[in-house]
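Participant: Note that the protein sequences, when read in sequence, are chains A and B.
Mapping of the first sequence onto the numbering used here: position 188 corresponds to residue 188, and the numbering continues sequentially without gaps.
Mapping of the second sequence onto the numbering used here: position 19 corresponds to residue 19, and the numbering continues sequentially without gaps.
Just so you know, the hints here were simulated from the structure itself, not pulled from any lab data.
This one's a predicted model, so the numbers in the text were calculated from it and none came from an experiment.
Do not rely on the hints blindly, as some may be mistaken.
[Claimed, not checked] For the chain A half of the interface with chain B, some residues (derived, Cβ under 7 Å), not all of them: (1) Trp67; (2) Tyr69; (3) Phe94; (4) Arg190; (5) Thr246; (6) Glu267; (7) Arg403; (8) Arg407; (9) Thr408.
Where a beta carbon is used, it is the ideal one built from N, C-alpha and C, also for glycine.
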Amino acid sequence: MDTKSLQRVSGDEWRIEPHGKMLVPAVIYATEDLVREMDEKVREQIVNVACLPGIEKAAYAMPDAHWGYGFPIGGVAAFDPGRGGVVSAGGVGFDISCGVRTLLTGLTAEDVEAVKPLLADSLYRHIPAGVGSRGLLDLSDAELDEMLEGGAQWAVRRGYGTDADLSRTEEKGRMIGARPEAVSEFAKDRQRREMGTLGSGNHYLEVQHVTEIFDHPAAEAFGIHLNDIVVSIHCGSRGLGHQIGTEFLREMVVEAKNYGIDLPDRELACAPIESPLGEKYLGAMRAAINCALANRQIITHLVRQAFAAVIPRAELTVLYDVSHNTCKVEEHRIDGHTKRLFVHRKGATRAFGPNHPAVPEALRAIGQPVLIGGTMGTASYILVGTAESEGRAFSSSCHGAGRQMSRTQATKRWRGRELMDDLAERGILIRSPSPRGVAEEAPGAYKDVSAVVEASEKAGLSRRVARLEPLICIKG
Amino acid sequence: MLWAFRSNLSQMADKKREMAACVRVCSRMNEPRWEHFQHGADIGIRGVGPTKEEAFRQAAMALSAVITDPAGIASEREVIVEREAPDDEILLMDWLNALIYEMSANQLLFGSFEVRMANHRLDARAWGEKVDVRRHEPAVEVKGATCTGLSVARNDDGEWVAQCVVDV
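Whenever a hint applies, use it, and build me the whole structure from the sequences.
Facilitator: What follows is the structure, given as structure tokens:
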């Protein structure tokens with residue numbers, strides 16, 4: 001992106017003042033290098049978001065922002081229902097409630113080193129991954145509705161985890177306001193046999209070791225020490241969320257004009273929050289959030305089984321579970337007043353600071369863990385929400401490295417099997433049914449995740465706590 | 001980046017320019033064909049042919065090729081798709097999303113297609129088989145067809161081009 005078209009407010013904050021149909025400014029949080037690497041489409045999309053009815057304060061782009069669908073991936077925008085605010089299917093994305101869950105294991109890197117291939121094979125056997133994979137469950141219509149209503153709480157009731165897991169999951173594992181009846185039969189059909197599956201694309205399960213601690217008090221509160229082994233799960237609401245996204249995007253495109261909404265880009269399709277279509281989408285989207293939470297809960301159970309088969313003394317507990325494709329109702333301070341807003345985060349992570357009531361009690365004094373996925377060859381990060389983040393972008397942070405190269409380019413440059421051999425030489429074991437899928441997800445196809453999290457810290461969006469490097473990666 | 005889109009696809013003038021950019025490459029062959037174009041995080045699919053039907057058929061081939069080599073998919077199962085939409089662009093999205101649904105819900109891959117269209121209505125058949133992970137080595141599952149890069153229009157050579165970005 002050409003920085004000349006932006007006004008630099010401070011080292012890591014760039015602004016586009018309202019012009020044309022923009023109702024609020026657009027703000028990009030990133031270093032100069034990251035801004036230059038961003039596609040011009042990010043600028044165009046964030047300006048378009050700033051034109052949507054009822055938007056509050058500004059349309060924001062996170063340091064990992066890249067070209068998305070209507071909203072940039074790495075986009076944050078909040079809407080006031082009282083001022084005709086909208087909810088946008090594109091602003092949430094196709095993979096509703098895609099997110100990251102990180103598990104502590106009570107193990108160190110030395111404990112895993114000797115059994116690494118066995119553990120990799122055990123995880124690959126236990127966790128269905130990739131195209132055409134099926135979960136262990138085949139849900140009836142009634143069970144599907146219970147899952148969509150109950151989320152991870154439903155999964156725990158079915159024996160896939162503990163109450164302690166729920167206390168470390170956003171929304172305590174169950175999103176209120178889900179409406180299973182707003183979810184189509186097509187969406188339910190796509191999910192019937194997909195519970196507890198990882199999916200493909202950029203989704204993964206990694207065994208990682210802690211290689212650096214940046215913030216010792218926060219690390220202590222999170223239970224993380226240098227050299228510890230953790231497990232991170234990155235996946236979402238699978239076929240159900242994809243189908244809901246597809247169906248509502250179409251309906252919102254067709255209906256927009258009936259609601260008097262002039263769409264700058266069809267992909268920005270949206271409906272007023274207080275409209276039958278808006279309310280129906282919110283009910284379906286919340287059901288998809290529950291599906292994602294249940295999915296990650298079942299995968300947690302499978303990870304525990306896979307570890308028990310190789311290292312029986314491992315004790316896996318949930319550090320935190322956070323979603324990065326959502327629209328959630330939150331209270332935020334605007335011009336001295338508390339407002340109830342519908343906050344869209346598309347490829348952006350909620351990052352509540354210390355003392356926020358939504359943060360689990362045990363972590364409340366320090367802030368919410370912010371889990372950032374990297375690539376299979378580089379690193380991931382654990383960050384913590386800051387008090388100042390509230391004033392920056394409605395308590396939001398980045399979500400990952402962000403692609404810098406298309407899939408087409410990546411498959412031309414890398415061969416999956418060679419990549420897996422190279423990574424194995426570096427001590428990183430990849431297990432995947434798809435060499436081409438691995439090539440498309442090559443570490444070199446992504447931006448430097450370290451630069452992204454550093455920019456998030458400099459911009460005051462969140463603060464680095466620990467760096468994690470992969471030892472095993474299960475890839476769909 | 002030959003296929004890069006730098007303009008807002010919602011604007012007609014820009015659309016024409018993009019089609020012209022496409023034509024520069026497509027017109028080399030002048031026969032029905034499919035191709036992929038680049039998108040930041042995902043992938044663009046494009047079908048080109050002498051008729052709208054052929055462009056839709058080729059776009060479906062491009063969709064399958066995101067996942068695996070369409071030539072390696074046997075025609076063991078037939079699926080019928082019937083859709084109606086307010087315009088051809090939404091009809092293209094509907095067509096691709098119907099295939100994505102079948103692939104996801106029934107674990108199918110498709111390698112050949114027949115398409116008939118009239119007045120924004122599509123009657124089509126797709127032939128394929130159950131996914132075999134060892135044989136097909138599927139690269140990625142497709143989540144949905146999107147409005148990004150969505151276009152159904154004639155290029156300067158008079159060929160029909162049907163395209164959009166799919167989320168993977």
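Participant: Was the hint right that A/Thr408 lines chain B, CB cutoff 7 Å?
Facilitator: holds (5 Å)
Participant: A closest beta-carbon separation below 7 Å is what the hint needs, so does A/Arg403 meet it against chain B?
Facilitator: For A/Arg403, the interface hint holds, since the closest Cβ of chain B sits about 5 Å away, which is under 7 Å.
Participant: Given A/Arg407 was flagged as interface, is its beta-carbon under 7 Å from a beta-carbon of chain B?
Facilitator: With Cβ-Cβ at 5 Å, under 7 Å, it holds.
Participant: Given A/Phe94 as an interface hint, is the shortest Cβ-Cβ distance to chain B below 7 Å?
Facilitator: holds (4 Å)
Participant: Does A/Trp67 pass the interface hint, meaning its C-beta sits closer than 7 Å to a C-beta of chain B?
Facilitator: holds (4 Å)
Participant: Would the hint on A/Thr246 stand, with a C-beta cut-off of 7 Å toward chain B?
Facilitator: holds (4 Å)
Participant: For the restraint on A/Arg190, tell me whether the closest CB of chain B is nearer than 7 Å.
Facilitator: holds (5 Å)
Participant: Next item in the hint list is A/Tyr69. Is there a CB on chain B closer than 7 Å to its CB?
Facilitator: A/Tyr69 check passes; min Cβ-Cβ to chain B is 5 Å, inside 7 Å.
Participant: So, as I understand it, the hint says A/Glu267 touches chain B; can you test that by seeing if any CB pair is closer than 7 Å?
Facilitator: Holds - the Cβ of A/Glu267 comes within 7 Å of chain B, reaching about 4 Å at its closest.
In summary, the structure agrees with every hint in the numbered list given earlier.
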